[in-house]
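Number of protein chains: 2
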Amino acid sequence: MPLDCGRSLGPIEIAYTTFGRLNAARSNAILICHALTGDQHVLGTHPVTGKPGWWENLVGPGRAIDTNRYFLICSNILGGCMGSTGPAGIDPATGRIWGTGFPVVTIADMVRAQALLIDHLGIERLFAVVGGSMGGMQVLQWAASLPDRLFAAVPIATAARHSAQNIAFHEVGRQAIMADPDWHHGRYAEHGSRPVKGLAVARMTAHITYLSEMALHNKFGRRLQDRGARSYGFDADFQVESYLRHQGSTFVDRFDANSYLYITRAMDYFDLAADHGGVLAHAFRGSRVRFCVISFSSDWLFPTAESRAVARAIAAVAGNVSFTEIETDRGHDAFLLDEPVFARIVKGFLDGVAGHAGIDRT
Amino acid sequence: MPLDCGRSLGPIEIAYTTFGRLNAARSNAILICHALTGDQHVLGTHPVTGKPGWWENLVGPGRAIDTNRYFLICSNILGGCMGSTGPAGIDPATGRIWGTGFPVVTIADMVRAQALLIDHLGIERLFAVVGGSMGGMQVLQWAASLPDRLFAAVPIATAARHSAQNIAFHEVGRQAIMADPDWHHGRYAEHGSRPVKGLAVARMTAHITYLSEMALHNKFGRRLQDRGARSYGFDADFQVESYLRHQGSTFVDRFDANSYLYITRAMDYFDLAADHGGVLAHAFRGSRVRFCVISFSSDWLFPTAESRAVARAIAAVAGNVSFTEIETDRGHDAFLLDEPVFARIVKGFLDGVAGHAGIDRT
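The listed protein sequences derive, respectively, from chains A and B. For the first sequence, position 330 (counting from the first letter as 1) is numbered 330 according to UniProt numbering, and the numbering increases by one without interruption. For the second sequence, position 316 (counting from the first letter as 1) is numbered 316 according to UniProt numbering, and the numbering increases by one without interruption.
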């Protein structure tokens, strides 16, 4: 598989899960695209953490993305660490773990790999591609690169390019990982170590950006830990400190540090307008894809203005687009949470378009 | 000197600078309080960095805080690393560098040390106490603890308590420092090392919070470094990455990592309402201090709502307070930058109140 960086990769493995049944016309398939730290376990118990799937709030039998009606596919992205080809895998040319010898991949490369999977599954055209955050970037890339292979697109809490502030937060995370002496310039596997401290700091920083200030305030405020008094030291006195430390320490059990470098880099590079002569609308010229663009009012990582820019660009070339901002104080993370209005909009859109696409109710 | 944590400290040293002349009535003294990474070098060439003083935009002859009219005092805070007693100094009990054996200090402790300095200088009552960010916390603490020792107070871009989000960002910075093996549980001086990588990551994270998203966008956008093309690697491709790395690497030359831990902790603990039975207004009951509260519209670290809460609390006990939000897209850092409206308001307030205080023009 040729990559945007000029190198190529192969053979590649893509780990994926499916839910529901593909209908006889092969017309009811929805590709779910996961976010930075997500994976293919959209539903069901996660094999590493033992926790429920990351999108159980939205996806499942009778849910907004109804597995009784649609056939769902969710694959671990290229560069990921849950079974797909990535920096933690083996470089066939050397027989050693790739580490930072792995080529830098882009969102477009991830989509190319997903398209190969869809070919492999014998599906000519997806009914929909749906995803939030970096998953939404993949949705937009699908619509731009392969408009004839999807009927509908649902980009959620995302943007057509990564902002300077978001690049800055990613860079801090990468620096935290690379500053960890256990990182060993990416060759930690060979040293029998893992840069868990650096990766935890990266996760903690990122996690702050996933929540709104109001969400942090409502969840923790300035409440102290159980002992109820200041320690006058550097232990976790405040509940919010303890929460962040927990987020950091549990994350490192399930995620590969090099994968974190590669995937954040792919997001930083994402700029759909730049790939189309600087005009975002040109990414969607002539497209017949039906779009449902969704943002969350308190999301400061991917603010509503970014989604509005996407919706306007599609409208500017007479595309078929609806745009909704969901009122919530839960920040970027809202797309993963139980947000009834959000779920209703996704369900309404998909079921409405499914009628046009000739997908029977089961 | 007794401390809030229950321990005591002494003898203490406070490094300070003065500018202008104290008048015969000793009535024209202004205490300038510095922010987290500031110091006493408010004006003039910094002895370590060789750069101009940190508040040259606002302070100086003929400037908003006019050294021709006022006598300025700026001291390095207790716990700092520019000459005042702090964790990089020597514990007299052991003859060793304090490190994390230094007691945790609070904003109120910093103010107690400043008051001892003011005593030492033979000044009974300050004309004003002025400061931004953590400096503004000290201003509020002065007004609450020692209302009879100041005539006017100018808390800028600050809050009466540190928010959950701000605690979270500080905690990430501390974790980055403490994750650095060169930190050696705070005893790095004895190991001949310094946790520069961890401190740089802490600074980088904090620096993002000092700028608005718009400021980062205007300054850097998605512009690439000189070579103008993606490296498809993990070097600093984007200008914003290079800028942040520079901020991190220059900071470590002038700042002590343990000081960073202590000062961020002091900010986290700051909660003026909690110290007054949970009612912020009670911190200002009966106060005759004249307040000028100032915030900046794009400051998301200390948003306008925090300043408004301070102004309302003062007004609720019939205090003398004006409150202004300055329109700017430069974020929290605006208080350090050339902002003409901001400077005019500070000048107008100080010069107006100086008339009431009987301070002659020189």
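Just so you know, the hints here were simulated from the structure itself, not pulled from any lab data. Please note: incorrect hints may appear among the correct ones.
[As the list claims (entries may be wrong)] Which residues of chain A face chain B? A few of them, derived with a C-beta cut under 7 Å, are:
1. I167
2. P181
3. M214
4. L216
5. A309
6. F323
7. E327
[To be verified] Label pairs and their in silico Cβ distance ranges:
8. A:L121 / B:H217: 38 to 48 Å
9. A:R187 / B:P47: 16 to 26 Å
10. A:G6 / B:G44: 22 to 32 Å
11. B:S193 / A:I90: 49 to 59 Å
Positions of the beta carbon are idealized from the N, C-alpha and C atoms, including for glycine.
Quiz item: Should the hint that L121 (chain A) and H217 (chain B) are 38 to 48 Å apart at their CB atoms be regarded as holding?
Solution: holds (41 Å)
Practice problem: Mind checking the CB of E327 (chain A) against every CB in chain B and telling me if the closest is under 7 Å? | Solution: violated (19 Å)
Exercise. Could you check the hint for me, namely that S193 (chain B) and I90 (chain A) are 49 to 59 Å apart, CB to CB?
Key: Since the Cβ atoms of S193 (chain B) and I90 (chain A) sit about 36 Å apart, the hinted range of 49 to 59 Å is violated.
Quiz prompt | Distance restraint evaluation - G6 (chain A), G44 (chain B), Cβ atoms, bounds 22 to 32 Å | solution = violated (52 Å)
Quiz item: Measuring from the C-beta of L216 (chain A) to each C-beta in chain B, is the shortest one below 7 Å?
Solution: This interface hint holds because 4 Å falls under the 7 Å limit.
Quiz item: Given A309 (chain A) as an interface hint, is the shortest Cβ-Cβ distance to chain B below 7 Å?
Solution: violated (13 Å)
Exercise. Would you settle whether the hint for P181 (chain A) is holds or violated, based on the nearest Cβ-Cβ distance to chain B being less than 7 Å?
Key: The hint holds - P181 (chain A) has a Cβ within 7 Å of chain B, the shortest such distance being about 6 Å.
Practice problem: Starting from the hint 16 to 26 Å, judge whether the C-beta atoms of R187 (chain A) and P47 (chain B) obey it. | Solution: violated (42 Å)
Quiz item: Would the stated hint for M214 (chain A) survive a check requiring a Cβ distance to chain B of less than 7 Å?
Solution: violated (9 Å)
Practice problem: Classify the hint on F323 (chain A) as holds or violated, based on whether any CB of chain B lies nearer than 7 Å to its CB. | Solution: Hint violated; F323 (chain A) Cβ to chain B Cβ min 21 Å, cut 7 Å.
Exercise. Could you check if I167 (chain A) really has its C-beta closer than 7 Å to a C-beta on chain B?
Key: Where the cut-off is 7 Å and the nearest Cβ of chain B is about 5 Å from I167 (chain A), the hint holds.
Going down the numbered hints, you'll see the structure goes against 3, 5, 6, 7, 9, 10, 11, while the others check out.
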